[in-house]
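Visitor: This is what each chain is made of:
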Amino acid sequence: MLDKQIITFNLFNAVEHIVESMKFLDFLLANDNDESRQEVYKDVMYNIRISGERLCDLGDFLVGNKIDLSNIDIGKLQDQQVIDYIDKIQERIKVKKEQQTEDK
Amino acid sequence: MFIIESVITEECNLGCTYCYMHNNPTTMEMPTFQILLDKLNILQDLYHFDEYHLDYFGGEPLLNFKLIEQTVPLLKQDNRCKSFSIISNLLELDDYKIDFIKSNNITVSFSFDGLWNEYNRPLRSGKSSLSLYEKKKDIIKQIAGKHCKTMVSPTSLGTLVANIKYLVSDWGLTSPDLTIVRDDIWTDDDVEHFREEIRDVSNLQIEYIKDNKPVMIGFYQLYLLDMFIGYKYNKRDTGCFAGKKGMAYMPNGICYPCARFGTNREYPIYDLVNGIIYKDNYNMFIDYKFHNPKFFDDCLNCVYYQGCNAGCTYSQMKNDNRPIKNVCKLFDILYNESFYVFNQLKYNKQFIGMLTSKLKEI
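As given, the protein sequences belong to chains X and L, one line each in that order.
Every number in the numbering used here is 1494 more than the matching position in the first sequence, counting from 1.
Every number in the numbering used here is 10 more than the matching position in the second sequence, counting from 1.
Accuracy of the hints is not assured; some may be wrong.
Taking lysine-lysine and the BS3-like style, the derived pairs with C-alpha atoms no more than 25 Å apart in a straight line are [to be verified]:
#, chain 1, residue 1, chain 2, residue 2
1, X, K1588, L, K242
2, X, K1582, L, K328
3, L, K92, L, K147
4, L, K242, X, K1590
5, L, K242, X, K1536
6, L, K328, X, K1517
7, X, K1588, L, K335
8, X, K1536, L, K254
9, X, K1588, L, K339
Rather than coming from a laboratory, the hints here were simulated on the basis of the structure.
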């Protein structure tokens, strides 16, 4: 398994490229009046947007941003479960802050 | 659920310093509201919803109370309308309106800045609205409940604690929903002042709970719930409902992403009166990601990415599709303070019970 920092870096880069590509397509959409090409741009825009969304989801999965709370039924939530999970979230944020400080 | 902000008048009896609405002299007439109901199926197809919630929004919606009276029976008959409410400063209330609101079980969201009304929310005449609120306190309290929406701006600094005490003690508003104005109006000095003062607010929150007073200041509940929900269900698709999960219907019969876009007449989505769709704008809010915090560079690297919903979409679009730097700093302070309050009170049954029950409502 690659180091999490490398994964984060690569995913972040990939998303940035997608956003830049979308901006370029947006420019083309605004400036090229040819209808057939406009349709192509829109299709590409749609596909690239989906790619961006999937990359973000992959990032959540690989980098472990998400704490698994799937076993919790919100309707039957217990006070202690809320305490445990907010504690976990705090810990996760604390670690991230420390990583960011080290990176700087 | 899909949200419709029905702006039934853009006129207001107040001139709040931070308000984004422009007090344009436009008021919705009954035929325009009827068009919304008649053509709602078009919006349902565009946004794929079966049910909706409608807010009577303004300006000050009670200035167009006649329309509320005329349209509430229609909403009650519409199976697609699951709930409706009035967003109001309540200064136009009288016994007649109270009877109508109570008899129709209409939810009211009370916008009230407490002591800050003195200088933040003058009447249109320029006089203080605070003295008018004091005069009308008894009548307003009949329907205001325990909750109010209170906007925190740089001019609030120095009196945060005093104002919360005023809202809780003088008005019995035990759920003051304090919300920071998320526009680019906060200087670096303001942010530092906020940082210095907020700990006193946090300690006041702790004191209330330890004294067995069921007070929950909006800051803390909101930010803890945001994080919990973000980690449980993943980051939200959009920062706010604008143009994706809701819209504003303006007095001119045109739908906009939200009331702020509407009052500025920017990015119209659908002209229901004339049957014109602004497809580029519609697609932009449905599909594009430039104004979505999920894709903001600044957000992707932020430690609060998972739960934070960033700021106001309109403000961020005006900020070159970036979150506003000092608003992010305020969020950082508020997340830290929310965890501070949580750590002090997590074994207090009343506090954790309030959080848990709120989560169950969601």
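Visitor: Run through the hints listed earlier and report the numbers of any the structure violates, in increasing order.
Guide: 2, 3, 5
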